[in-house]
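Enquirer: Here the protein sequences line up with chains D and L, keeping their order. Using our numbering, the letters of the first sequence map in sequence onto residues 1 to 359. Using our numbering, the letters of the second sequence map in sequence onto residues 1 to 359.
Hints in this document: simulated from the structure, not taken from any laboratory. Beta carbons are placed, not taken as given, at the ideal position from N, Cα and C, and that holds for glycine.
Pairwise CB distance ranges, derived in the manner of DEER restraints:
1. L/Lys309 with D/Leu342: 51 to 57 Å
2. L/Arg43 with D/Gly126: 22 to 28 Å
3. D/Gly63 with L/Ser184: 53 to 59 Å
4. D/Arg43 with L/Gly32: 36 to 42 Å
5. D/Gly254 with L/Arg159: 50 to 56 Å
Under the rule of at most 16 Å between Cα atoms (straight-line distance), these lysine to aspartate or glutamate pairs were calculated in the EDC-like manner:
6. D/Lys221 with L/Glu109
7. D/Lys356 with D/Glu314
8. L/Lys221 with D/Glu109
9. D/Lys353 with D/Asp308
10. L/Lys356 with L/Asp278
11. D/Lys106 with D/Asp328
One-letter residues, chain by chain:
There are 2 protein chains.
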Amino acid sequence: MARDIVNFNAGPAGLPTAVLERAQAELMDFQGTGMSIMEHSHRGKAYDAVHNEAMSLTRSLMGVPDSYDVLFLQGGASGMFATIPMNFLTAGKVADYVITGTWSQKAIEEAQRIGEVRVAGTGKVGERFVRIPEALDLTPGAAYVHVTSNNTIAGTQYRAFPKTEAPLVADMSSDIMSRPVDVSQFSLLYAGAQKNLGPSGVVLVLVRRDWLAQASTTIPKIFRFKTHADKQSLYHTPPTFAIYLMRNVMQWIGEHGGLEGMAKRNAAKAEALYAAIDASGGFYASDVEVAARSEMNVVWRLPSEDLDKAFVAEATAAGLVGLKGHRDVGGIRASLYNAVELAGVERLVTFMKDFKNKR
Amino acid sequence: MARDIVNFNAGPAGLPTAVLERAQAELMDFQGTGMSIMEHSHRGKAYDAVHNEAMSLTRSLMGVPDSYDVLFLQGGASGMFATIPMNFLTAGKVADYVITGTWSQKAIEEAQRIGEVRVAGTGKVGERFVRIPEALDLTPGAAYVHVTSNNTIAGTQYRAFPKTEAPLVADMSSDIMSRPVDVSQFSLLYAGAQKNLGPSGVVLVLVRRDWLAQASTTIPKIFRFKTHADKQSLYHTPPTFAIYLMRNVMQWIGEHGGLEGMAKRNAAKAEALYAAIDASGGFYASDVEVAARSEMNVVWRLPSEDLDKAFVAEATAAGLVGLKGHRDVGGIRASLYNAVELAGVERLVTFMKDFKNKR
Numbered sequence: 001m002a003r004d005i006v007n008f009n010a011g012p013a014g015l016p017t018a019v020l021e022r023a024q025a026e027l028m029d030f031q032g033t034g035m036s037i038m039e040h041s042h043r044g045k046a047y048d049a050v051h052n053e054a055m056s057l058t059r060s061l062m063g064v065p066d067s068y069d070v071l072f073l074q075g076g077a078s079g080m081f082a083t084i085p086m087n088f089l090t091a092g093k094v095a096d097y098v099i100t101g102t103w104s105q106k107a108i109e110e111a112q113r114i115g116e117v118r119v120a121g122t123g124k125v126g127e128r129f130v131r132i133p134e135a136l137d138l139t140p141g142a143a144y145v146h147v148t149s150n151n152t153i154a155g156t157q158y159r160a161f162p163k164t165e166a167p168l169v170a171d172m173s174s175d176i177m178s179r180p181v182d183v184s185q186f187s188l189l190y191a192g193a194q195k196n197l198g199p200s201g202v203v204l205v206l207v208r209r210d211w212l213a214q215a216s217t218t219i220p221k222i223f224r225f226k227t228h229a230d231k232q233s234l235y236h237t238p239p240t241f242a243i244y245l246m247r248n249v250m251q252w253i254g255e256h257g258g259l260e261g262m263a264k265r266n267a268a269k270a271e272a273l274y275a276a277i278d279a280s281g282g283f284y285a286s287d288v289e290v291a292a293r294s295e296m297n298v299v300w301r302l303p304s305e306d307l308d309k310a311f312v313a314e315a316t317a318a319g320l321v322g323l324k325g326h327r328d329v330g331g332i333r334a335s336l337y338n339a340v341e342l343a344g345v346e347r348l349v350t351f352m353k354d355f356k357n358k359r
Numbered sequence: 001m002a003r004d005i006v007n008f009n010a011g012p013a014g015l016p017t018a019v020l021e022r023a024q025a026e027l028m029d030f031q032g033t034g035m036s037i038m039e040h041s042h043r044g045k046a047y048d049a050v051h052n053e054a055m056s057l058t059r060s061l062m063g064v065p066d067s068y069d070v071l072f073l074q075g076g077a078s079g080m081f082a083t084i085p086m087n088f089l090t091a092g093k094v095a096d097y098v099i100t101g102t103w104s105q106k107a108i109e110e111a112q113r114i115g116e117v118r119v120a121g122t123g124k125v126g127e128r129f130v131r132i133p134e135a136l137d138l139t140p141g142a143a144y145v146h147v148t149s150n151n152t153i154a155g156t157q158y159r160a161f162p163k164t165e166a167p168l169v170a171d172m173s174s175d176i177m178s179r180p181v182d183v184s185q186f187s188l189l190y191a192g193a194q195k196n197l198g199p200s201g202v203v204l205v206l207v208r209r210d211w212l213a214q215a216s217t218t219i220p221k222i223f224r225f226k227t228h229a230d231k232q233s234l235y236h237t238p239p240t241f242a243i244y245l246m247r248n249v250m251q252w253i254g255e256h257g258g259l260e261g262m263a264k265r266n267a268a269k270a271e272a273l274y275a276a277i278d279a280s281g282g283f284y285a286s287d288v289e290v291a292a293r294s295e296m297n298v299v300w301r302l303p304s305e306d307l308d309k310a311f312v313a314e315a316t317a318a319g320l321v322g323l324k325g326h327r328d329v330g331g332i333r334a335s336l337y338n339a340v341e342l343a344g345v346e347r348l349v350t351f352m353k354d355f356k357n358k359r
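Looking at chain D on its own, in the form it has when it is part of the complex (with noise of 0.2 Å):
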């Protein structure tokens, strides 16, 4: 089949084929040195270039400030709903959770665990996640307030974060680099590699400096943000593969355009993707709010269960995979992450149209 068909995955994702095809190149023989990357000590020159290039990257493409540190972690997103309360929620504060889908949901029943935490907002109404609370009510004094950027199940996104006084935190995982962000609106945002920049395995994080030296200095030392900082990643055995390919992913995108190039690739495929749905006269269709709508993940229905299975089937079968919605709300969901091309999302635009008058 070579490659031809469109991955529509939530996470894992898919990657530029440039980037599979460089890795894979490089695979048995990195640079002439007669060694995988992966075979490298993660203390070697080779793979120090490699790490150090995927840090500098990360900084010249979201313009991070001087004052955070870059961090590759990890045990995904999930370990991070535990540890940013274990560093930051310590004895007699509060946290804030602004509440927009399964995720966030998660994060605040680990961080639950930890500490004391107040929800702030819901994007919930009725039964379904469907927006992005303007109005919050923060707690004065709070650790921090937590934030969920997308929304991979629900289909809903951030415009625009609030502003708080409390040290904003930010789990991006489903939108980190899909467009341009204004950093030092938070005092750490973090990202799961697996849809947008690589891998699964890897967690980027981006810390203020001057949080992070507030934070529990008696929780256990790998748990520690500033561990991590003090030894630019390298304190522990790194993800060493899984960084030299987000090190990859990040130089695309750098040839790309960068995120304001990756901001118009995944602004011009979510507009043809929510026209089809807009068109097809409630066929497709959506409870998501319109201003709420995630342009990294779409989800709608069909007028039936039946119809969303072959729906899901008949795509598939047309090369288009991954656009089964995500078990706890059924219907469809297409993710539109970084790699995947308008063309890909103009195939699905019109077997959506083939489908509908076939019926």
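Take the given structure of chain D and dock chain L to it, following the hints.
Expert: Below, chain L without anything else, positioned relative to chain D:
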């Protein structure tokens, strides 16, 4: 250069060439799916088969009893240094640690931040870790006894493990699957993959299910081993590509005689190298007690630090890479993990003879 080197790295370490060739061949298109395995959903059929095969290969190669869970986790052995006491060193309990090198030391330091620990034995004589202690000072009713099966920096290794009343826990990061081991001796054993099993970024854990049932239920959910056991290590997104490579390495181990086959290969390699050291008339010397010599990491010194440096430089130029001793102890270290071929060790032995004769 095309892999015409011998990789003696201590970890991340060399992988079997056949494993990398296969990964390279299917990197762009895994089994005709049109996607790389790393682009597949961790909840889809293609990855699921890989994941399950990695689990069943672990069971068959190591002879894992049915009463044990097999886990694939993130965070490295350094993460386990914290999560083991978080799970099992609950209030009022004491854990015993046997200190046989730098990594045991790091393990106990992390445990000290969580609960009460005691040193049950040490491999230190003077300033150096040169032996495996026979007699242990064990605490009656200890939560567990922690040992490090092989010490990468010290170059020592357990032949037989202590019999303990308390649950025995072993860090096997640097000799996992290098030889047959009776799993039923241990309540928990763990290993970062990056030496004998795959790339960095995944930890293999075997844990007795009845012991797991006694673990803390108040720590963050992501750090409870039971969370991962209950979901077959799919509670959150696993490091899919690292697990895929680990699966391929385990297949390769199976094709090469399983753990009996690895033990024979590894014994032959270690024997050849120790014989060269012992036959050098003291030019190559090691403090390590003969009974404690590691088959995985062979450490030695030359008559001066200048000669150590010259040795490493000339060896590197001759395509024998990764021989510099750990920065904590200096000298020379050759890591002879599963993927290193006997022919590679013979090249090193020849080089050692030539180097000595030139002096």
